[in-house]
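*Asks:* Listed here are the chains, written in short residue letters.
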Amino acid sequence: MNLQGAVPLVILTILAGGLPAVVAIRRSYRLICAVTGLGLLAALFSIPYALRATSPALPELFTFNALSLGFIGLILISALLILVLAYSYWQPETPLYREEFPLLFAAGTLGAVALASAASFITLFLGLETMTLAMIGMIAYPHFRPAAEEAGLKYLVLSGMSSAFVLFGIGLLELASGSLNIAHIVASSAADAASQQMLVAGLAMIAIGAGFKLSVVPFHIWVPDVYVGAPAPTGAYVAVIAKIAVLAILIRTINLPGANLSASMSTLTTAIAILSMLSGNLLALMQDNLKRILGYSSIAHLGYLLVAILAAGSIGQVAVVFYIVAYAVTMIGAFGVIAVLSHASDVRDVDKITELRGLFWTRPALAGVMTLFLLSLAGIPPALGFIAKMYIMAAGVHTQLWSLLAVMVISGVIGLFYYLNIILVMSMKPSDDAMAVSILAISIPNRLAIAMVSLPILAFGVAPSPLIALLKLMFD
Amino acid sequence: MMLVWLLVIPMLGGLLAWPAGRFHSTAPRIISLIALLSDLAIAIPLLHSSADIAMPGTWMAGFNAAWIPAFGMSFRLGMDGVSWLLSVLTILIGLFAVIVSWHEIDNGAGFFHANLLWSLAGAIGVFIALDMFLFFYFWELMLVPMYFIIAIWGHENRRRAAIKFFLFTQGSGLLILISILALAFLHQQQTNVLTFNYFELIQTHTSHTFGILITLGLFIAFIVKLASFPVHVWLPETHTEAPTAGSVILASILLKTGAYGLLRFVVPLMPAAAHSLAPIALWLGVASILYGAFLAYGQSDLKRLIAYTSVSHMGFVLIGVFAFNIIAWQGVVILLVAHGISTGALFIIVGSLQHCLHTRDLSRMGGLWGDMPRLSSFGAFFILASMGLPGLGNFVGEFLILRGAWAVAPVITIFAAIGLIPAALYSLVAIQRAFHGPVDETRDEHDFGMRETSMMLVLASAIICLGVNPQPILTIASPALNNMQPQPTTAMLKEMGAG
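Here the protein sequences come in this chain order: A and B.
Using our numbering, you'd call the opening residue of the first sequence number 22 and step up by one each time.
Using our numbering, you'd call the opening residue of the second sequence number -11 and step up by one each time.
By construction, these hints were calculated from the structure, which means they are not laboratory data.
Just to be clear, a hint being listed does not mean it is correct.
30 Å max Cα-Cα, derived DSS-like pairs, lysine-lysine [to be verified]:
#1 A/175 to A/373
#2 A/175 to B/152
#3 A/450 to A/373
#4 A/450 to B/152
Going by beta-carbon spacing under 8 Å, a handful of chain B positions derived as facing chain A [claimed, not checked]:
#5 59
#6 132
#7 144
#8 155
#9 159
#10 162
#11 166
#12 402
#13 403
#14 405
#15 406
#16 408
#17 409
Given the structure is predicted, the values throughout are model-derived calculations rather than measurements.
Glycine included, C-beta positions come from ideal geometry on N, C-alpha and C.
Construct the entire structure; sequences and hints are all you get.
*Replies:* Below, the structure written as structure tokens:
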């Protein structure tokens, strides 16, 4: 059996399986984090090797081509960055066993990678569930925080429901087409009216599941509570890795031969995109909690992404991936700043906007970096988000989606309000009792992680060509 | 390559000034002065440089490098007479902004000067970018630092004003982006080359409706920046709430980017569409002149009054641009420079008034001439200059605009000229209420010192030179203006009912 193409997945499987053994041998937080990090790195660096595979590995279950391996790379890089943040987030004084967090982390990443490269609905569902279950554990990890437990429970119930939808959908598709292979189902056409109806119903149910994971309107209700309750590194994980994985399978499916968005589907997607852009940004306006704002803003950003997905064609494809990259690094950065400011042993993170007051005067560098992240989210130069937004607009103009573009402009202006507000609060004079926030020293890994996130945001925001060239390779 | 340095030096200066503020509050000021002076030293000799090899003809200097080849975007810069004038104005006004904030800004001086230099660099970039996407990039880039300057160092309602400023300019900026993209893709359809090169896009043929839509996107964005009548709402509040240096930069430079955009992009890119928009533009210009003047007359806040006069003067600019002839355009260039100088000076004066009186309220002024003779005389001088007193720069500009517009749209010209009456009214009222009359309160005498007086003398002599001998400016600008190809439009305008 030739496993060359599947090397990243194999490494991750060994990692996720071996970590409990490491914990059993020696319960050391540092050791287990180091092993996890090394495993992720090894998986990342095995991607070029996997790309050179001549024969497909496990073709019935997985597809490892430039597109899926590109997404896997993105997932692994994001996971590494979040892992660094999580490593210093869980301080020794936190009243819990810290060692199991990397365990869940590795399992979740394994699930995400499996989902991103799934070729069959079996692996799709297994990946999805592995990822989701690990994330529930990570959300509720600080069990002494009531909000975290509540968030974990909410996510458990709602994602259980969405998984049920997906499973039912998969069943219907299997019944209608007699196959579980995604490419086969996409390429085939329904034999009769009954199976056509089953196909449509099955696809709709799977779409509901995807909508839930992507948190687009109207499947977004869980977002604010889960984002607020989850500890900051998990928040980044939910906001970034889960979405990349689902988008990966979505984009891969759309790129399969025979795939086409039917008129009704594209109308529906347009409506979802418009609603997500508008309501995400409008709801974020009234919030005073940074994590909530990031949650609502992620809803709006997924709406923008849908615009690019709708604007198919060569520009649209790269635009989607480019936007995902920009979104991922920026979100990690923003959650990273919260993680840096917070103590895991406190009952909640430092996530009220008012708690950021005066950051420009107490910690200019951190405030400057946070401003960069917010500008990137708002799509203003010199941040990466600007080029990403330009890319999506270019795709939209190219395919003449004028109404979507109009909504994008309007909701972009609305979005500016709350991003600017955060920057304003950071620039206000610190009140005397707010100095407490600034006492905490930033650990070296945290500095490293924040720097590693902010550098590409600035560098690719000024000179995006290398990134564009790299991402174009995914579609060759 | 010189043009790149023109941008790099203030950017680097900003990067240096920020941390330097931690060591000593004077360090960032000195860094800013050095950066701007060396920029000036680069810019001035360009005037005498023979035509650049890369940019033949009327271009003084050029630069081109690949930037985002995937989209055909390049780092293309070029400087002609109009760009040169506005860039030098930017640098000079920047110097004055540093000097006025020497004592006014005492906390966070490092960050302040970093923002100041960055916004100036953005403005210079706007004036010399010849790749349309690069232009837009600089257009957006100058916003964020300006936002910080208003939001952090402004007056009482600074946060509201800053957000308003940002939303208006950013929202309209997205229209520019869509227009630029639409134009570039249209060009791609015709030639199979995706490019944002100004010289290439200028040759794009558009259908009537599509051309008008693209032009409309650009037009709206630029008149928002220019603060023309229906979309001027951000201006009074922003200019009033900004710190002195911020108001000076806003009024003297940022408003000019709107006018520059109209001249450089709207008019030459799609002349036909611009011509069909002209009647609207001309009437908007008239409305701005009259509305701005009347509102200025009604203000009791001196800074707000000056802000509204800007709306009025920019109305003249709008008329001048859309008169489509060389005379009016020459007037536009002169008026841009003169308005930059006179309004900048006025904001400096109001700033120092507020500094010693702690109010901008006209009703609490009065009789200042006795207490502060130097400040008051300069104040009166610049108010008269901005009103358009013959012999001073603004008069030349407005006269040329009216002269040029008369040929194409007499009715418009008559209405615009009527605007000079309320202008005289608000100017005289402002002088009277602020500087003359009885003294109501006892105040500490705090007249202009050496620093302010010499600044004012420089600005005043500039405005007199401009008024007495505008020819050098016209000589610099005219090759560039000739390039923008005026066309006889009388017939077209008459047809559309504006004549």
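*Asks:* Against this structure, judge whether each hint is valid.
*Replies:* Checked hints:
no.	hint	in the structure
1	A/175 to A/373	22 Å, holds
2	A/175 to B/152	39 Å, violated
3	A/450 to A/373	16 Å, holds
4	A/450 to B/152	21 Å, holds
5	59	7 Å, holds
6	132	6 Å, holds
7	144	14 Å, violated
8	155	6 Å, holds
9	159	4 Å, holds
10	162	4 Å, holds
11	166	6 Å, holds
12	402	38 Å, violated
13	403	33 Å, violated
14	405	38 Å, violated
15	406	36 Å, violated
16	408	37 Å, violated
17	409	38 Å, violated
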